[in-house]
Amino acid sequence: MKADLVLNAKGLACPMPIVKTKKAIHTLEPGQVLEVQATDQGAKNDLTAWCKSTGNELVDFTNQGDVLVFWIKKS
Amino acid sequence: MTVKALASGEVTKKILHQENVFVLDVRNERDFKDWKIEGASITHHNVPYFELLDGVEDLLPILPNDQEVLVVCAKEGSSVMVADMLSEAGRDVAYLKGGMKAWSEHLEPVKIGNVTGGGELYQFVRMGKGCLSYMLLSQGEAALFDATRIIDVYIDFAQQKKATITHVFDTHLHADHISGGRAIAEKVNATYHLPPKDATDVLFNYEPLVEGQTYTIGSTTIAIQPLYSPGHTLGSTSFIIENTYLLSGDILFIDSIGRPDLAGKAEDWVGDLRETLYERYKALAPSLIVLPAHFMIMEEMNEDGSIQKPLGQLFKENHGLQVENELTFRQMVTNHLPPQPNAYQDIRETNMGKQQPDEEQQRTMEIGPNRCAVR
Chain A
1 MKADLVLNAK GLACPMPIVK TKKAIHTLEP GQVLEVQATD QGAKNDLTAW CKSTGNELVD
61 FTNQGDVLVF WIKKS
Chain B
1001 MTVKALASGE VTKKILHQEN VFVLDVRNER DFKDWKIEGA SITHHNVPYF ELLDGVEDLL
1061 PILPNDQEVL VVCAKEGSSV MVADMLSEAG RDVAYLKGGM KAWSEHLEPV KIGNVTGGGE
1121 LYQFVRMGKG CLSYMLLSQG EAALFDATRI IDVYIDFAQQ KKATITHVFD THLHADHISG
1181 GRAIAEKVNA TYHLPPKDAT DVLFNYEPLV EGQTYTIGST TIAIQPLYSP GHTLGSTSFI
1241 IENTYLLSGD ILFIDSIGRP DLAGKAEDWV GDLRETLYER YKALAPSLIV LPAHFMIMEE
1301 MNEDGSIQKP LGQLFKENHG LQVENELTFR QMVTNHLPPQ PNAYQDIRET NMGKQQPDEE
1361 QQRTMEIGPN RCAVR
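For the protein sequence lines, the chains are A and B, in the order given.
Residue 21 in this note's numbering sits at position 21 of the first sequence, with consecutive numbering throughout.
Residue 1188 in this note's numbering sits at position 188 of the second sequence, with consecutive numbering throughout.
Note that these hints are calculated values from the structure, not bench results.
There's no promise every hint is true.
As a list, the in silico SDA-like pairs of lysine to any residue whose alpha-carbon atoms are at most 25 Å apart [as the list claims (entries may be wrong)]:
#, chain 1, residue 1, chain 2, residue 2
1, B, Lys1197, B, Arg1280
2, A, Lys52, B, Ile1367
3, A, Lys10, A, Val69
4, A, Lys10, B, Glu1029
5, A, Lys22, B, Glu1029
6, A, Lys20, B, Glu1088
7, B, Lys1075, B, Leu1052
Now the stretches of chain A that chain B is said to cover, found in silico as 3 or more residues with beta-carbon under 8 Å [as the list claims (entries may be wrong)]:
#, segment
8, 15–29
9, 38–47
Even glycine gets a Cβ: it sits at the ideal position worked out from N, Cα and C.
The following block holds chain A by itself, in its conformation from the complex (with noise of 0.2 Å):
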């Protein structure tokens, strides 16, 4: 899938996933997608959870090899 932004969030333990892909979403107008990438296991719970807290959609997840990569498309 294309993205608009890649969020290289690899090596980064929980919170920091988090909040670099919030900060990263600011940065886009609505219906651009950011690719995430980052290989805190945790995260895949936790960017779920936030899509859905947040409203902002996430479009499809792959896990390649130990990194988990989301694509979040801005509400």
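Given the coordinates of chain A, assemble chain B onto it according to the supplied hints.
Chain B in isolation, oriented as in the chain A frame:
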């Protein structure tokens, strides 16, 4: 205001001393619902850390002033962030050192009693997971029962007691947590015993447990008498120590009984479970102290932090032992099976030696509550 780090052991002591603690759990709602720190003196509030990034002002009015406020997350990072924010807002707070990960791995040793010749029996309470394991010490030797994968705790404890671990026993092939039995036996050169009927697929050497056999720990002879008691698994074996203690494994708990389906055979094994509980256990001395391999709810814990009760009392109080009619019993057991534990198949394969997960994967497999009982 100050931020204090509280270790799992300190939190355990607060729970055992009935000290009030307000747990501010900042994990996501799903993880919180799945498992959390529990205790009669614990109050919870769950708000995910990612909803607090813009500030903690909304939270301040609900935090009590008259008790410890403990911020908890999965691995510590987010709880430190939230604790710092609360501290800046003028509150004294603590966070759980190492988060729920550390909580799930903390073992609290509780003394159960003395045995002949100056020996001692200890119960290791894994608060975060409900697993109970045991160490029997006598005359410089030690035996372990149902050891968890946090093996250094037992090795250090035996060392403090100046004892060598000579025998390691598992009552059955565990499905809810990774056994530390084989790893400890290898590390300290002890013998690892398993019930052969549970071990048909294991890929390592072990000593088969045989009913009626006795073992000697220390120079004083202590009879550890295995009692074949199928029902949770086909091989499940109980131990009677010195005609005083009954290690019941996952067959009989304080407030519930074992579930027969974790190896996939509920219909077949419910009959074994019935026979073990209503015939084999019924024939034992009511004065035997039952020491199970799990506890499910805090009500099962005594005031001294131990989980134990006389068998005779359980035959009066445990609802799983009150069902006269066999068919009713069958229906009760097979119709009320709780969801199977997270990753229980992977855990079983790991305990058979078929999978070699690294430490992080082992942690993930064990996350969540244990679900070995039928209530």
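Now for the hints, and whether the structure bears them out:
no.: 1; hint: B:Lys1197 - B:Arg1280; in the structure: holds (18 Å)
no.: 2; hint: A:Lys52 - B:Ile1367; in the structure: holds (23 Å)
no.: 3; hint: A:Lys10 - A:Val69; in the structure: holds (10 Å)
no.: 4; hint: A:Lys10 - B:Glu1029; in the structure: holds (24 Å)
no.: 5; hint: A:Lys22 - B:Glu1029; in the structure: holds (19 Å)
no.: 6; hint: A:Lys20 - B:Glu1088; in the structure: holds (22 Å)
no.: 7; hint: B:Lys1075 - B:Leu1052; in the structure: holds (17 Å)
no.: 8; hint: 15–29; in the structure: holds (count 5)
no.: 9; hint: 38–47; in the structure: holds (count 4)
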